[in-house]
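Student: Sequence:
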Amino acid sequence: MGENRPDGHRRGGLWQVWAALVTGLALCAMAACFAVGQMAPAPLAALPTAPPSPAQTAGVDLVDLNTAGLEQLDALPGIGPVRAQAILDYRAEHGPFRYPEQLLDVPGIGEGILEGLLDLVWTGEGSAP
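Under our numbering, the residues of the sequence shown are numbered 35 to 163, in order.
Hints were generated in silico from the structure; no laboratory data involved.
Every residue gets a Cβ at the ideal spot worked out from N, C-alpha and C, and that includes glycine.
There's no promise every hint is true.
[As the list claims (entries may be wrong)] Ranges of calculated distance between the beta carbons of each label pair, as one might list FRET restraints:
| # | residue 1 | residue 2 | range |
| --- | --- | --- | --- |
| 1 | D153 | A69 | 39 to 45 angstroms |
| 2 | D95 | L122 | 16 to 22 angstroms |
| 3 | V116 | D153 | 18 to 24 angstroms |
| 4 | G144 | N100 | 20 to 26 angstroms |
| 5 | G150 | A69 | 38 to 44 angstroms |
| 6 | A60 | G142 | 50 to 56 angstroms |
| 7 | E145 | V116 | 15 to 21 angstroms |
The whole structure should be built from the sequences, with the hints applied where relevant.
Tutor: The following block contains the structure:
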């Protein structure tokens, strides 16, 4: 390593100081990257979707959540008469749906049911299917 000087200190240790400095900076950079990664927002579970275009729904009649009656809602997969009535009750109490993902606010409708409905329903907002 370095030679000893008469006062007992080592000589030639500049590379050791440099190596310690570089190591410390690298560790600080890694810690900062880790901290930033921990603060990143979690992905949103369900974002509002735009109404599908006519090309996306060729041959499929979408059910408008804001105008559909009990029979139309009942015919949707996973809904049935009880959930259909819950949708009507929710709509009457809270007003029209702005996007299909609001169905998650209706009692008895979870993400599994919603996934099966997203390609079959719309809210009448935007361009007509």
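Student: All the hints need checking, so say for each whether the structure fits it.
Tutor: Each hint tested on the structure:
1. D153 - A69: 39 to 45 angstroms: holds, 40 angstroms
2. D95 - L122: 16 to 22 angstroms: 19 angstroms Cβ-Cβ, so the 16 to 22 angstroms window holds.
3. V116 - D153: 18 to 24 angstroms: holds, 23 angstroms
4. G144 - N100: 20 to 26 angstroms: At roughly 21 angstroms between Cβ atoms, N100 and G144 fall inside 20 to 26 angstroms, so the hint holds.
5. G150 - A69: 38 to 44 angstroms: This hint holds: roughly 40 angstroms between Cβ atoms.
6. A60 - G142: 50 to 56 angstroms: Holds, at about 54 angstroms.
7. E145 - V116: 15 to 21 angstroms: Once the Cβ atoms are compared, 19 angstroms apart, the range 15 to 21 angstroms for V116 and E145 holds.
Every hint from the earlier list agrees with this structure, and none is contradicted.
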